Every structure is written in C-alpha cells, then in structure tokens.
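Please put together the full structure from these sequences, using the hints given.
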Amino acid sequence: MKFTRRTLLKYSSLSAISAAITSITGTVFAQWPSAPFETKAFDEAFSLVTEGASVNEGHVTIDAPQIADNGASVPIDISTDLEGAESISVFVEKNPRPFITTFYLNDKLASSVSLRVKMRETSDLIAVVKSPEGHYMARQNVKVTAGGCG
Amino acid sequence: MSKKVKIRATLKDGVTTIKAIMTHPMETGSRKNKETGELIPAHFIKEVQVTLNGEVVMNTHWGTGISKNPYLSFQIKGGAAGDSIVLTWTDNLGETGTGEATIKAK
Numbered sequence: 492m493k494f495t496r497r498t499l500l501k502y503s504s505l506s507a508i509s510a511a512i513t514s515i516t517g518t519v520f521a522q523w524p525s526a527p528f529e530t531k532a533f534d535e536a537f538s539l540v541t542e543g544a545s546v547n548e549g550h551v552t553i554d555a556p557q558i559a560d561n562g563a564s565v566p567i568d569i570s571t572d573l574e575g576a577e578s579i580s581v582f583v584e585k586n587p588r589p590f591i592t593t594f595y596l597n598d599k600l601a602s603s604v605s606l607r608v609k610m611r612e613t614s615d616l617i618a619v620v621k622s623p624e625g626h627y628m629a630r631q632n633v634k635v636t637a638g639g640c641g
Numbered sequence: 003m004s005k006k007v008k009i010r011a012t013l014k015d016g017v018t019t020i021k022a023i024m025t026h027p028m029e030t031g032s033r034k035n036k037e038t039g040e041l042i043p044a045h046f047i048k049e050v051q052v053t054l055n056g057e058v059v060m061n062t063h064w065g066t067g068i069s070k071n072p073y074l075s076f077q078i079k080g081g082a083a084g085d086s087i088v089l090t091w092t093d094n095l096g097e098t099g100t101g102e103a104t105i106k107a108k
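Protein sequence lines correspond, in order, to chains A and B. Heads up: the first sequence at position 42 corresponds to 533 in this note's numbering, and the numbers run straight through without jumps. Heads up: the second sequence at position 90 corresponds to 92 in this note's numbering, and the numbers run straight through without jumps.
To be clear, the hints were calculated from the coordinates, so they are not data collected in a lab.
Derived lysine-lysine pairs resembling PhoX-like cross-links, with alpha carbons at most 25 angstroms apart: (1) A/531 to A/585; (2) B/8 to A/599; (3) A/599 to B/21.
With beta-carbon atoms standing in for the labels, derived distance ranges: (4) A/560 to B/86: 36 to 42 angstroms; (5) A/560 to B/14: 29 to 35 angstroms; (6) A/566 to B/41: 26 to 32 angstroms; (7) B/14 to A/543: 36 to 42 angstroms; (8) B/73 to A/543: 28 to 34 angstroms; (9) B/12 to A/560: 27 to 33 angstroms; (10) A/636 to B/86: 37 to 43 angstroms; (11) B/39 to A/587: 16 to 22 angstroms.
Sample of chain B residues at the chain A side, in silico, Cβ under 7 angstroms: (12) 48; (13) 60; (14) 61; (15) 63; (16) 67; (17) 69; (18) 76.
Computed from a predicted model, the values in this text were never measured in an experiment. Even for Gly, the Cβ is constructed at its ideal location relative to N, Cα and C.
Right, dumping it as structure tokens:
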C-alpha cells in the first residue's frame with residue numbers, strides 16, 4: 492500500500508474512534524473537541540468553544556496569582572454564581588494552544604473548580620461559563636516570570 | 003496498566019470537596035529532547051471522569067495546557083460519609099489511571 496499522508500490520516504482517525512469507544516466507561520461522554528484544542532489562534536478556539544454565541548462579562552470569577560514565578564504550574568480557581576451552569580471553559584490567550592479545558596457541570600457539581608495550568612508567558616486567562624441564561628466570561632491577567640511550556 | 007491517583011474526599015456542611023493529584027508527564031509534543039534534538043511526542047490526559055457511588059458527577063476534557071502531574075479540586079453537593087468517589091483518566095495514547103477515596107466527614 493502506498494503510504495501517503497492520506498493513509499496516515501485515515502489510520503489516525505480510526506485509532507481516535509477506537510480510543511473514544513474504549514474510554515466510554517458506561518456513560519456517554521461528549522467527544523474530545525480536537526478543533527479548539529489544536530488551534531493556535533485564541534479567537535478561533537474561543538468561537539469554536541462558545542459556538543459563536545455572544546458572551547457577556549460577569550457572573551464568573553477567576554482567582555489566580557497576579558505574578559506566577561513558575562509558568563509550568565499556575566494555580567487557578569474558577570467559580571460562577573449562575574444557576575444551572577452547564578460548563579466552564581478556560582483559555583490562556585498567549586499560549587501556543589490557547590484552549591485549556593472544559594468542565595461539564597451537572598446539578599451535583601458545585602460551580603467551582605481548581606486546577607493548575609501551563610502559561611508560556613504573561614497573558615490573560617479567560618474563563619467562559621455556559622448557562623441557560625447565556626454565556627458569561629471573566630478575564631484576568633497573570634504575569635509570568637518564567638515561562639512554562641518547556 | 004492503571005496508574006494510581008491520589009485522591010481525598012471530605013464532607014462538610016453538605017458539600018463534598020474532592021482533591022486529586024494524578025501522576026502524568028502531560029507532554030505537549032512541542033518539547034525537544036535536549037540530547038537528540040528530537041521532539042518528545044505528545045502524551046497527555048484527555049478525559050477525566052469522577053463518580054460518586056458509580057454515578058458520574060464530573061467530567062472534563064483536557065488539552066496540553068494542563069500542568070504536569072495534574073492537580074484538580076472541585077466540590078459536589080451532597081455525598082455522605084462512606085460514599086465511594088472514583089476518578090478515572092484516559093490519555094491520548096489510550097492509557098488510563100484510576101484512584102478511589104471514601105468520603106470522610108469533617
């Protein structure tokens with residue numbers, strides 16, 4: 492078989508499908524959204540994740556250090572007061588791949604999460620919450636003195 | 003082979019706080035091996051799921067921007083002392099890790 496780029500893409504998507512099947516441990520998972528995770532453009536990642544919805548500021552709080560001396564591990568807390576919030580998505584605007592994560596919320600999950608992210612350089616952190624009332628966001632700048640993408 | 007996750011769950015005032023640390027290199031795929039100059043392949047956790055007594059209470063998708071040896075903390079409404087919390091992660095190479103904790107009341 493001629494080993495072309497097309498063959499490679501065909502086989503990598505097959506393995507992605509089998510990986511998706513084996514990771515479903517009895518609960519239906521939304522599929523891993525590869526397009527926003529792979530894009531290098533913040534605007535594109537943002538609009539893919541929010542599905543082009545209009546996003547207002549407010550109702551979301553980002554708790555992060557003003558100055559991070561280790562960009563490899565920046566602790567952040569995100570919380571929202573929106574009732575019935577469905578998801579929290581996080582971006583680091585100046586990272587090579589700005590989209591960091593989405594947490595899918597449900598009525599059991601209290602609306603706050605803490606995690607540690609990599610920041611390559613001083614950048615804004617952006618958190619977007621999707622809720623029945625619409626999309627809301629917060630933005631916070633973090634100064635990074637030693638970048639964290641290796 | 004499933005790798006261990008360190009996880010703790012404490013109940014206070016009707017809210018269970020879960021704290022977990024996973025062991026994982028979270029390689030972005032952009033780092034170079036300093037000796038050979040070759041790119042170190044991407045190897046990162048893509049999905050994390052947490053159950054309370056077998057019912058899913060949290061799931062999340064991750065990319066390469068999450069730090070190495072990921073720390074994660076979140077809260078769930080309810081839960082009772084003695085309930086079982088299980089965290090499972092899956093990475094881009096199909097490897098998985100899991101950890102379990104019993105909720106302890108504070």
